[in-house]
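Asks: Chains as they are written, first to last, in the working numbering: chain L, 1 to 150; chain C, 1 to 123; chain R, 1 to 347.
Hints may contain errors.
Claimed, not checked - Which stretches of chain L does chain C cover? Using the computed rule of at least three CB atoms under 8 Å from a CB of chain C, they are:
| hint | stretch |
| --- | --- |
| 1 | 2-13 |
| 2 | 28-36 |
| 3 | 47-60 |
| 4 | 71-82 |
| 5 | 87-99 |
| 6 | 116-126 |
By construction, these hints were calculated from the structure, which means they are not laboratory data. Where is the CB? At the ideal position from N, CA and C, for every residue including glycine.
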Amino acid sequence: MNLDPKTYEKYAKSHAKKSPVLKDCACAFLVGGVICCIAEGIYRLYLHLGMPEVNVRIMTPVTIVALAALLTGLGWFDKIAKFAGAGTLVPITGFANAVVSPAIDTKAEGFVLGVGAKMFIIAGPVIVYGTIASVIWGVIYYFLHNGGIL
Amino acid sequence: MKELLIDFLLVFAVGGGFCVIAQLLIDFTKITPARILVSYVVAGVILTAVGIYEPLIKLAGCGASTPLTGFGYALARGVEGAVRDRGLVGALTGGLTGTAGGITAAMTCGFIAALVFHGKPKT
Amino acid sequence: MAGGSQLLRIQNPPSIVSSAAVVGRKEFEGPLGADFDLHADDDKFGMDTWEKAESEMQRLAFGLMLKKGVIKETDVDAIFAGDLLNQCTGSSFGLLDFNIPYFGLYGACSTMAESMMLAALMVGNGVFQRAAAVCSSHFCSAERQFRFPIEYGGQRTPTSQWTVTGAGAMLLAKDGNGPYVTEVMPGISVQKGVKDANNMGAAMAPAAVDTLKRYFSCSGAVPEDFDAILTGDLGQIGHEITAEMLYAVGFNIKKMYNDCGLMIYSAKTQDVHAGGSGCGCSGSIMCGPVMKRFRNGTYNNILFIGTGALMSPGSVQQGMPIAGIAHLVRISSTLPACGGGGEGVSP
């Protein structure tokens, strides 16, 4: 039974257990939906308290980020995430966790080369490619706007 | 009351829906979670540019703005406003201005968390 | 030595005179928890970083091993030790306190077998009187180095394995009443194109198959000779593949075959997906539960095959496939009868 790599890969794959997709998706839907509803509740609460809408738009994600950071620090976030999968990853909670978890984790290497340098080791690409996409859209928008199309 | 319920149901369905799409990508493809986050933000910028995301925000509020596509939406909206106000320079400043709150909050929270918390073992 | 087949029959088989295993909480709560010598409830062992905690486990395991065997530090001629951390700092810092010649090894998760093999060869050939084999892994330090920060919220794939928090130390000596290391067979790295770092079992299984196939082909032994054949940390998938592939080439090991990665945790209650992994997996199992079974007579003759996945986070990111290695050690409570397989020399 001397398998070449390609045959072996197929063979090994046939042994690998599949992810429980249905359960995973149900959990992701549930937790993701709940997080968004909490955000919506906070949004409406801030409006109700008389905060100007421009600020509410900023303060709502900021509040969610702060909550996710707290849960990460307490060591609860990864337990929820294990159950929720993409449900905690996709909302801004996933971004916050990706920043806060390396910050806590790299404390031992110091606040400059540890916390400071490693904070964006997972979330950095999100900002880099999001910003680059926005620059490209900005340039296109400039020409569309000046051309009177938008 | 009924209106409020429908509003929140929309928030739940759209927000949860974004998560389900990502979960399917994780389970069925080799795309890593980090790549999914990057794709979501870029997709948010593109969807906003082609005019699909704004109606979704109007429909589902935080259900559309909380997922990372909403981060892309904020980047795109920021850059549009800045370009209108300051011309081409705005393409360089608008994106991060539009998302400054979230990014700065994450940075600050990360720093405070590093000061306050210690790593815990997993069980 | 059988030419070309790399089976090494040790002329004067050294005796395993003492051993100790130190583990974390999850391992202590596993089905073999009672068979380990020491555990820490918080996995930190009184240290402030995970890396220091791992080193401390090695220090504790080695110290305990000396104490259990009533052996003086000065009586140990050499230590062969390794772990998973970059530049093997887990071992070098952990064993710093001991004034004993030290060899740092890197065999990925196969280190327990590699260090036992080298110690056995050195003692068996009269280079040293007593040599120790030590290794460790720590879930948190491995997670930090190979995957994500501890607090990062991610889902593990069903094929992923859980790095064991544990350390094992074992002393091999020229004189003793057994169990003896009678034969060793160094592994050959085998690469079958597996690139998924979350499926180490599948990456390492072909190496285990290669070593076992070579062993049965040239040793004259058959699977039925053994009370147990234990692989290091192939987990559920690697275990299945190994048994199946060996069966296909005519060696049925299914009856006595087990994997340390499957033994250390309860698959039902401990949520470790495909099983345990890491140097500390086979290290703590060999130095704790397995040695205990030799003492109480459950085991008289076993094969231990330490398995390792040869990769780094960088190599995986660059798309390099993961090679596996499997070192074999035969442990018997009795010395082989004259000749053993025709080549050994009785003491």
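Asks: Quick one: see if chain C covers the stretch 47-60 of chain L, three-plus residues with Cβ-Cβ under 8 Å.
Replies: This one holds; 4 residues, not fewer than the three required, reach chain C with a Cβ under 8 Å.
Asks: Can you tell me if the stretch 87-99 of chain L counts as covered by chain C, using C-beta to C-beta distances under 8 Å and a minimum of three residues?
Replies: Since three or more residues must qualify, the claim that chain C covers the stretch 87-99 of chain L holds, with 10 doing so at under 8 Å.
Asks: Can the stretch 28-36 of chain L be counted as covered by chain C under the rule of three residues or more with Cβ-Cβ separation shorter than 8 Å?
Replies: holds (count 9)
Asks: Given that the stretch 71-82 of chain L was listed as covered by chain C, double-check it with a C-beta distance under 8 Å for 3 or more residues.
Replies: Held - the stretch 71-82 of chain L has 5 residues with a Cβ nearer than 8 Å to chain C, which meets the minimum of three.
Asks: Do three or more residues from the stretch 2-13 of chain L put their C-beta atoms closer than 8 Å to C-beta atoms of chain C?
Replies: Answer violated; 0 residues pass the 8 Å Cβ test.
Asks: When I compare C-beta atoms, does the stretch 116-126 of chain L have three or more residues closer than 8 Å to chain C?
Replies: holds (count 5)
In this structure, only the earlier hint numbered 1 is contradicted, and the remaining ones agree with it.
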